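There are 2 protein chains.
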Amino acid sequence: MFGPVIDELIDALRCLPGVGPKSAQRMALHLLDKDPRAAGRLSTAIEQAVERVGRCQLCRMLTEATECEICANQRRQPDLLCVLETPADLFAIEQSGSYRGRYFVLFGHLSPIDGIGPEAIGIDQLLQRLVDEDIKELILATNLTVEGEATAHYIGSHAQALGVGVSRIAHGVPLGGELEYVDGGTLSHAFSSRTLL
Amino acid sequence: MFGPVIDELIDALRCLPGVGPKSAQRMALHLLDKDPRAAGRLSTAIEQAVERVGRCQLCRMLTEATECEICANQRRQPDLLCVLETPADLFAIEQSGSYRGRYFVLFGHLSPIDGIGPEAIGIDQLLQRLVDEDIKELILATNLTVEGEATAHYIGSHAQALGVGVSRIAHGVPLGGELEYVDGGTLSHAFSSRTLL
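These protein sequences, in sequence, are chains A and B.
Under numbering that gives the first Met the number 0, think of the first position of the first sequence as 0, with each following residue one higher.
Under numbering that gives the first Met the number 0, think of the first position of the second sequence as 0, with each following residue one higher.
Simulated from the structure, these hints should not be mistaken for laboratory data.
In this text the structure is predicted, and so the values were computed from the model without any measurement.
Some hints here could point you the wrong way.
[As the list claims (entries may be wrong)] In silico DSSO-like cross-links for lysine-lysine, where the CA-CA straight-line distance does not exceed 30 angstroms:
| id | chain 1 | residue 1 | chain 2 | residue 2 |
| --- | --- | --- | --- | --- |
| 1 | A | Lys21 | A | Lys33 |
| 2 | A | Lys21 | B | Lys135 |
| 3 | B | Lys21 | B | Lys33 |
| 4 | A | Lys33 | B | Lys21 |
| 5 | A | Lys21 | B | Lys33 |
So here's chain A without its partners, still in its complex pose:
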């Protein structure tokens, strides 16, 4: 409404996840009116990140170096490898502080309908690592969706054929989750995966 430059800014902001027309407008006005210095900083940060961030050659995670900090960290357990679908999953696990091994990020899952085969998500690279390195346990932490399960199954069977131990993270009722509000699929999974005490 107020000339092509502002309209373009509002439109460009809508590429961000969870940002609709109203939020984009509010963000644009905030950047222009309240915080032009932050706007300059944001523009530079995006430019720098797009230019300098690539993939780790070992785990495919986003990083500025050839190897990400986790792969380069000698204090990480070298014989534990956790397979994930997205970098966001990696952030979540790191923030929980519950895992001290290394990762492998698929950036997606097997999806033959969309033409996404094993190579597209780096499974060949992953299996090569299982051959080259001395990995004792491969933890499959793909999502509990049809595609995530299929991907886990595919990787799991190939890894077992290479003689590597394979595990799957537990799925069930979340901590603090009240049974009343948990969906049926999760409940039935929690029952079928129950453990003897």
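The hints should help you fit chain B onto chain A, whose structure is shown.
Relative to the frame of chain A, chain B by itself:
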């Protein structure tokens, strides 16, 4: 967590209104992983906007030209002027399509505690316009807060001294608002401002 460039991007995204650490992280990963082309576009759009967007010399609205599209539009009623606190208010009124006059944007409200006096929000410029132009009605559309009301009162009394007609937009129960869910302040305002049929 993954090097200074990504951390700086996540941090810079938090300057956007309504974006906390989790959303900023999701946005950064989206820009880097899923949509690097949109990231480039966004960075350019912000840079361009900060560089080229200034204020309209008549109404103080954000614009790329010396006069904004509304002030330059000859089909707008020239004798109606609406006073607003923020550009977002202007967007909202324009999108409702309920007003065909011109605007004056204060970019704030009177706030002596923060050292914001009449000059800081352009009231001198506004009163000069009332002297120079043939304005029949000044519509006060500042917010119904203590500061907004004080600002409206200040502008209103000065405008009346100049012989200009002054009005205030109506405040009351919103359309579709159920009385049960409307706050007490709004309800008491709706009663005290009731109109005879």
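To see whether the hints hold, each was checked on the structure:
1. A:Lys21 with A:Lys33: This hinted pair holds, its Cα atoms lying about 17 angstroms apart.
2. A:Lys21 with B:Lys135: Violated - the C-alpha atoms of Lys135 of chain B and Lys21 of chain A are around 33 angstroms apart, more than 30 angstroms.
3. B:Lys21 with B:Lys33: Since the Cα atoms of Lys21 of chain B and Lys33 of chain B sit roughly 17 angstroms apart, the hinted pair holds (cutoff 30 angstroms).
4. A:Lys33 with B:Lys21: holds, 23 angstroms
5. A:Lys21 with B:Lys33: Holds: Lys21 of chain A and Lys33 of chain B sit about 23 angstroms apart, inside 30 angstroms.
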